[in-house]
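Visitor: The listed protein sequences correspond, in order, to chains A and B. The opening residue of the first sequence carries number 1 in the numbering used here; numbering runs sequentially from there. The opening residue of the second sequence carries number 526 in the numbering used here; numbering runs sequentially from there.
No lab work stands behind these hints: they were computed from the structure. The beta-carbon is built from N, C-alpha and C at its ideal position, and this holds for glycine as well. Since no wrong hints were added, every one of them can be taken at face value.
Cβ-Cβ distance ranges computed for the label pairs, FRET-style:
| # | chain 1 | residue 1 | chain 2 | residue 2 | range |
| --- | --- | --- | --- | --- | --- |
| 1 | A | F351 | B | K624 | 49 to 55 Å |
| 2 | B | L654 | A | K84 | 43 to 49 Å |
| 3 | B | E581 | A | C13 | 39 to 45 Å |
| 4 | B | N611 | A | Q452 | 25 to 31 Å |
| 5 | B | D582 | A | S18 | 28 to 34 Å |
| 6 | B | E581 | A | N34 | 24 to 30 Å |
| 7 | A | T377 | B | E625 | 43 to 49 Å |
| 8 | A | S18 | B | G655 | 33 to 39 Å |
| 9 | A | G87 | B | E625 | 46 to 52 Å |
| 10 | A | A43 | B | G583 | 33 to 39 Å |
Below, each chain spelled out in residue letters.
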Amino acid sequence: MKAKIQVVLCKCCTEMPSLLNIERLQKLAAESNNVLSVVTVDAICDGKTLASVVADARDKEIDRAVVLACHKKDISPAVLKAYKRAGVNEFLVELVNIREEVVLPHRNSPENAQTKAETKLKGALARSVMLAPLERRSEEMKTRNVVVIGAGVSGLAAADEASKAGAHTILLEKTGKSVKAPGVILTHGQLLGASGYGGNFQLKIRAGEKVEELGAAAIVVATGGGWTTLKGSLAKAVKDAVPLYKFYEQMQSGTAPKGPVIIVDTPDPGGKTLKVQDYAWDDTLETAIDLKKRHPETQIFVVFQEMRAFGLSELAYKEAADLGVTFVRYDRTGTPKIDSKNPIVMSVKDFAQGEMLNIRFGTLVFASIPPNPDNKTIADALRIPMSVDGAIRRGSIQRWPVSTPRPGVFVCGSALFPKSRDVAEAEGVAAGAMAGEFVKRGRIEFGGVVAQVTQEKCSACLTCIRTCPYEAPFIGTASKAEIRAQACQGCGMCVGICPSKAIELHNYTDDQIMEETRILLGGDF
Amino acid sequence: MAERRPKVVGFCCERHGMDAAVLSARNGRQFDASVRLVQVPCTGRVDGMHLLKAFEDGADAVFVLGCLEKNCYYDTGSIEGRKRVNYVKQMLTEVGIEKERLEMFNAASTNAWAFPEIVSKMVEVAKKLGPIGGGGTQ
Numbered sequence: 001m002k003a004k005i006q007v008v009l010c011k012c013c014t015e016m017p018s019l020l021n022i023e024r025l026q027k028l029a030a031e032s033n034n035v036l037s038v039v040t041v042d043a044i045c046d047g048k049t050l051a052s053v054v055a056d057a058r059d060k061e062i063d064r065a066v067v068l069a070c071h072k073k074d075i076s077p078a079v080l081k082a083y084k085r086a087g088v089n090e091f092l093v094e095l096v097n098i099r100e101e102v103v104l105p106h107r108n109s110p111e112n113a114q115t116k117a118e119t120k121l122k123g124a125l126a127r128s129v130m131l132a133p134l135e136r137r138s139e140e141m142k143t144r145n146v147v148v149i150g151a152g153v154s155g156l157a158a159a160d161e162a163s164k165a166g167a168h169t170i171l172l173e174k175t176g177k178s179v180k181a182p183g184v185i186l187t188h189g190q191l192l193g194a195s196g197y198g199g200n201f202q203l204k205i206r207a208g209e210k211v212e213e214l215g216a217a218a219i220v221v222a223t224g225g226g227w228t229t230l231k232g233s234l235a236k237a238v239k240d241a242v243p244l245y246k247f248y249e250q251m252q253s254g255t256a257p258k259g260p261v262i263i264v265d266t267p268d269p270g271g272k273t274l275k276v277q278d279y280a281w282d283d284t285l286e287t288a289i290d291l292k293k294r295h296p297e298t299q300i301f302v303v304f305q306e307m308r309a310f311g312l313s314e315l316a317y318k319e320a321a322d323l324g325v326t327f328v329r330y331d332r333t334g335t336p337k338i339d340s341k342n343p344i345v346m347s348v349k350d351f352a353q354g355e356m357l358n359i360r361f362g363t364l365v366f367a368s369i370p371p372n373p374d375n376k377t378i379a380d381a382l383r384i385p386m387s388v389d390g391a392i393r394r395g396s397i398q399r400w401p402v403s404t405p406r407p408g409v410f411v412c413g414s415a416l417f418p419k420s421r422d423v424a425e426a427e428g429v430a431a432g433a434m435a436g437e438f439v440k441r442g443r444i445e446f447g448g449v450v451a452q453v454t455q456e457k458c459s460a461c462l463t464c465i466r467t468c469p470y471e472a473p474f475i476g477t478a479s480k481a482e483i484r485a486q487a488c489q490g491c492g493m494c495v496g497i498c499p500s501k502a503i504e505l506h507n508y509t510d511d512q513i514m515e516e517t518r519i520l521l522g523g524d525f
Numbered sequence: 526m527a528e529r530r531p532k533v534v535g536f537c538c539e540r541h542g543m544d545a546a547v548l549s550a551r552n553g554r555q556f557d558a559s560v561r562l563v564q565v566p567c568t569g570r571v572d573g574m575h576l577l578k579a580f581e582d583g584a585d586a587v588f589v590l591g592c593l594e595k596n597c598y599y600d601t602g603s604i605e606g607r608k609r610v611n612y613v614k615q616m617l618t619e620v621g622i623e624k625e626r627l628e629m630f631n632a633a634s635t636n637a638w639a640f641p642e643i644v645s646k647m648v649e650v651a652k653k654l655g656p657i658g659g660g661g662t663q
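Construct the complete structure from the given sequences, taking the supplied hints into account.
Guide: In structure tokens, the structure reads:
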């Protein structure tokens, strides 16, 4: 079959002609094989221009297109959509970035830039012929369940927000505490295992004594911190020391122990794993102020190595200091110590004054939040990455602050890293909204640039299964690997690593990549 | 005849790698025209064969540019890519090609300064070592 290619040269207003000879590019395109039509436009990002381009494509019944314009990510949504409407398969449209790869960075060498642009055009034409038409498919979500793991501050906020979007929320709480939230609440609930992909997960959960199977469309991980795992010399010496959240609750209900209070940053001040971001300083200050207002006679000491009360929390720091909270800063030379024989006195060297202080206390409170030990089980079950300090890792702090790399799995609160109550709640709302929106779509789209296994070549070595971060490959009924298209993200890691070369990634096949390289190396620039 | 231009091939992942190149161009930074960028979805996709084939087709230096290892779009993609590059480096040494001709880099998409630095480094390597086999003979 002979390909019918349309070549579109976008001038990017005046940028391309300022360096390149457009006529030479036009001539080269027109003389190439399979090229049916060459269109030169001022700016393809203009809607009317784009409409005229695809109208030309429809008239001449072309089936492939090569667009020389700017960065792929900037124009691809609009351009691909327009071509799709004109009846051209969106995966047969090849976008070549001439603006950022040739025109802008090579202003000083116009002759080389011209050759480079021509070579890139040749390469794109060669690649275009080798592209295969692909299809995106969609599948109905079987349930509208959003499973929220953890009924803490962020978990409750997430459940609330997801239910607003019309999702059925199922809250798994490890302990038996009673909470108020929309949807089903399973106390003593735990996630044991999971399979499937975003939109259609099958979860294995424990609710009380029973182990049940549960379908879910999206999952929100809100496990929070591991309060029960306070380890370190101070926690060892003082048996009745409490974490900050528990002290806050006791204070609210009026059952807090009497006597002077020390809020110390970590139970293990002499340890190696000291990280300053691990403490909820906003909450510490808030608790101290609240306690001082309730009981002005109580002495409060905040013992810390480095205070990170940023933003408006500085005002809280000032307010606490004005109210009479004593701040004691220490450094590595004089870490706080408590003798286990006399667990009511803390000795610490004040960094500012250089004096040893012996503080008699009634209650010891820890502001640190260690990572939750359950994170490991959950991360293993859901196949989501963990950070080095045992928390769940998010996709990207800029683009996906509450998403994991796996579609359909969201994360919020102290499961990511320790944080204050208000931040955790805001993240919970965000994750709940994301999960609700995900479920509201009702269908999952998949396909396109995904990997595929040539069954005859596969030797079932399981390398792809170990490599894939998305759990897409599996061993099918024929004892050969298969790729679950719904889970595949199109990264091609399994393709590169397959020792039998049995997997190929659509439109990024070995031949296409090597042919493009060969042609690019052919030009002299 | 003019001085022989070096030929440098860069395999860029379409996430952070390509974005870093694009951002540096948009910031008005100039880099050597002799770099040929090939877009791959992820550096994990880059096969040893692609790298060797690039050398066979006449590249003087090849680099692979991916996301930062702890912030990779595809989680472990750039780690896989680095493993692949190190493996091919070993192969190059065995067949008597300088392993400096092949290098793996990581860049964040916001690092506008990173890409021109990478290019100038690789072009320098290509100029210093000359064509593979010396003097252009095969």
